[in-house]
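J.: Sequence:
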Amino acid sequence: MGIDRILQSVPLWLICFTIVLAQGTPASSVVIDQRIAAVRDLLVHLDRSRQLLVLTCWPPSVRYGFWQTIREDTNFRSTISVRFGSVSSRYLPWHERNQHQTVIVVDLSCPGTADLLDNANQLLYYRVRWIALNSFHEEGITKGWKNCTEDHQLDRLPLLISNEFFYFCTNITTGRHMVRQQYRLSTASSSVPVYETFGVWDPSLGVHFESPSVRPPVSSVRRQNFQQFQLRASLVILHNETLNHLDDLHDKHIDTISRVNYLLTKSVAHALNATVRFTIVDTWGYRDQETDRYNGMIGELQSDLADLGGTSMFFTQDRIKAVDFLSMTASTRASFVFRAPKLSFTDNVFVLPFDQYVWYCTVSFILLSGMLLLVVLRTEQRYNVTPSAERNSTTTVNGLSDTLLNVFGTTCQQGSFIEPKTAPSRCLILLCLVVLMFLYASYSANIVALIQSPSTKIQTLEDLLASRLKTGAEDTVYNQYYFRHETEPIRKALYERKMRNKDGTENFLPLAQGVELVRQGHYAFHVEKGVCYKLISETFQEEEKCGLQEVEYLKVIEPYYAVQKNSSFREPVRINLFKLREFGIQGRENTLLYTKKPRCVGGSSFIPVSIVDVWPALVTLGWGYLLTITMLVAEQLWVRLQARVLPGNEYFKQ
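FYI, the numbering for the sequence shown is -22 to -1, 1 to 632, going by mature numbering (1 follows the signal peptide of the UniProt record, and there is no 0).
One thing to keep in mind: the hints can contain errors.
To be verified - Here are the simulated SDA-like pairs of lysine to any residue, each with C-alpha atoms no more than 20 Å apart in a straight line: (1) Lys470 <-> Ser515; (2) Lys299 <-> Leu283; (3) Lys435 <-> Val329; (4) Lys476 <-> Glu528; (5) Lys299 <-> Pro71; (6) Lys543 <-> Asn76; (7) Lys575 <-> Lys476; (8) Lys574 <-> Lys543; (9) Lys124 <-> Thr152; (10) Lys435 <-> Arg469; (11) Lys523 <-> Leu495; (12) Lys575 <-> Val329; (13) Lys244 <-> Asp226; (14) Lys574 <-> Arg311; (15) Lys470 <-> Leu532; (16) Lys299 <-> Asn273; (17) Lys575 <-> Ser515; (18) Lys435 <-> Ser445; (19) Lys476 <-> Glu466; (20) Lys543 <-> Thr152; (21) Lys244 <-> Phe207; (22) Lys575 <-> Gly499; (23) Lys574 <-> Ser515.
It is worth saying that the hints were derived from the structure and are not from the lab. Given the structure is predicted, the values throughout are model-derived calculations rather than measurements.
Model the full assembly from the supplied sequences, consistent with the hints where possible.
T.: Structure (structure tokens):
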């Protein structure tokens, strides 16, 4: 694969000629050039190197020797591909997916290399690694590297703190060949370069370190001292009074997410031996569709007015192109918080006491008892087993409907209007009374318990949309943005049917007002949970803290800390944010400023029965009245119609 890349950059006849010469030349002459040995020895210490891009003016013989050395070295065999190109920025890996696996080799003594580095821009300090050689030659053979103190052409390049730029030079005092690095904290002309010695190169020993058993850590770990450099952080503040209480716990439920990240940003700056200057904005940022630019905090990061996003924000797809997200720093989410309504608010409690199979058995028992009672009573009437005086006092049973009505009345504990005279009928009636007494007692006890029970039926947005709960949201910029711009059908319907009123107003409320509506019940309030629970802990009665439920609306992960896109401070800041989490500092700040969900320790208070609880019974009564009146009217019409058809019928005259 490597030789194919070579043939694309070098004329074929020249390569063939070089190969013939190389095959007739001793092997030692192919690797005698120090440039080849130096790059090979340094590559051994650069992990994750999979692609080698050589942009030099080296002659074809040196290029072929370089390719052959890398191919035959056991450390790189079948793991590194080599590509060659001219000294031009068009060969740089601008859009390659695996930039972090690419190592670019340049020779500062080649014409055009200075322009190449000037045009490399962020590739000098982001993802791509570089090896720079600055050698002097005699009769075409490399004799050594230029003096480390004399060559300052790299000082003007934007070699920021995240760069992986290695270059070879010679220490004039000791005569040793050094592998050095340098970085700057800013592109400003006042920023002084910081020089580092990665290792020492010897033609016979390769690249070795001052402490042979200790390998230098990666650059993001080594470069943790910013020497009081001033970092710029953008902080979102929605209430001006918060500016007076960023370092204390006064009114910690206001701008909580900004206060947590303010303290963490100061801790990161302290760990990096840097200072930090905060700028205040009133929004995280909205994207302009025409210019694809943001305002607010994201806009400051895009415009290089801030290095750090001092307030964490939600990880969304459109923001990935604008900023780099590093770490979750605030353990909070925004959700609909509400008190679980009574069970009768979401279900018909009159059908809940029994399982469906118990209902089947009860109905079957009523039907079976009615039919058996009809058989027994008909048998009594057929054989006239009772005296005539007693028969006249016994209620006449005409059919199955009478016996079913009797058993149904017994089920409802209304007694029996049939007077059984024989042992079989009496046994049957007593059996019905005893069995149905137990069913009635169980049913009544469950009804009382169910009326006092909270409902757990509202678990999803679909349930919330179908429920009779009213909804609102805290009046914040991100709530307004997400509710108004939501396109998912369920969320959009929730906003249009429950958040936006018919008169055009919207239910965006102050925090205290929304929490009070939650306390009163039958209201779901979309708010940051840690902030909401702080007010709930202070304003709710103990029994009112029971039954608190949550339903997520945004469906996003916890807020992330962000920095400029392709920022040179990305890795040092990210490492120290992880340290703050591992050492417990992040957890401490979150615990101090965020309130967890209150525990239910007071039990539930007695809830009086309301119209909602007995509404199914009232509906049944209403339908019963309507059916009765309808049948009465129908019967009257039928009687009048028959009277006209059969005017001489004595029945209708009566």
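J.: Compare the structure with each hint and give your call.
T.: Against the structure, the hints:
no.: 1; hint: Lys470 <-> Ser515; verdict: violated, 32 Å
no.: 2; hint: Lys299 <-> Leu283; verdict: holds, 17 Å
no.: 3; hint: Lys435 <-> Val329; verdict: holds, 16 Å
no.: 4; hint: Lys476 <-> Glu528; verdict: holds, 17 Å
no.: 5; hint: Lys299 <-> Pro71; verdict: holds, 19 Å
no.: 6; hint: Lys543 <-> Asn76; verdict: holds, 18 Å
no.: 7; hint: Lys575 <-> Lys476; verdict: violated, 25 Å
no.: 8; hint: Lys574 <-> Lys543; verdict: violated, 34 Å
no.: 9; hint: Lys124 <-> Thr152; verdict: holds, 13 Å
no.: 10; hint: Lys435 <-> Arg469; verdict: holds, 19 Å
no.: 11; hint: Lys523 <-> Leu495; verdict: holds, 14 Å
no.: 12; hint: Lys575 <-> Val329; verdict: violated, 33 Å
no.: 13; hint: Lys244 <-> Asp226; verdict: holds, 14 Å
no.: 14; hint: Lys574 <-> Arg311; verdict: holds, 12 Å
no.: 15; hint: Lys470 <-> Leu532; verdict: holds, 12 Å
no.: 16; hint: Lys299 <-> Asn273; verdict: holds, 15 Å
no.: 17; hint: Lys575 <-> Ser515; verdict: holds, 8 Å
no.: 18; hint: Lys435 <-> Ser445; verdict: holds, 9 Å
no.: 19; hint: Lys476 <-> Glu466; verdict: holds, 15 Å
no.: 20; hint: Lys543 <-> Thr152; verdict: violated, 42 Å
no.: 21; hint: Lys244 <-> Phe207; verdict: holds, 13 Å
no.: 22; hint: Lys575 <-> Gly499; verdict: holds, 17 Å
no.: 23; hint: Lys574 <-> Ser515; verdict: holds, 9 Å
In terms of the numbered hints stated before, the structure departs from hints 1, 7, 8, 12 and 20, listed from lowest to highest.
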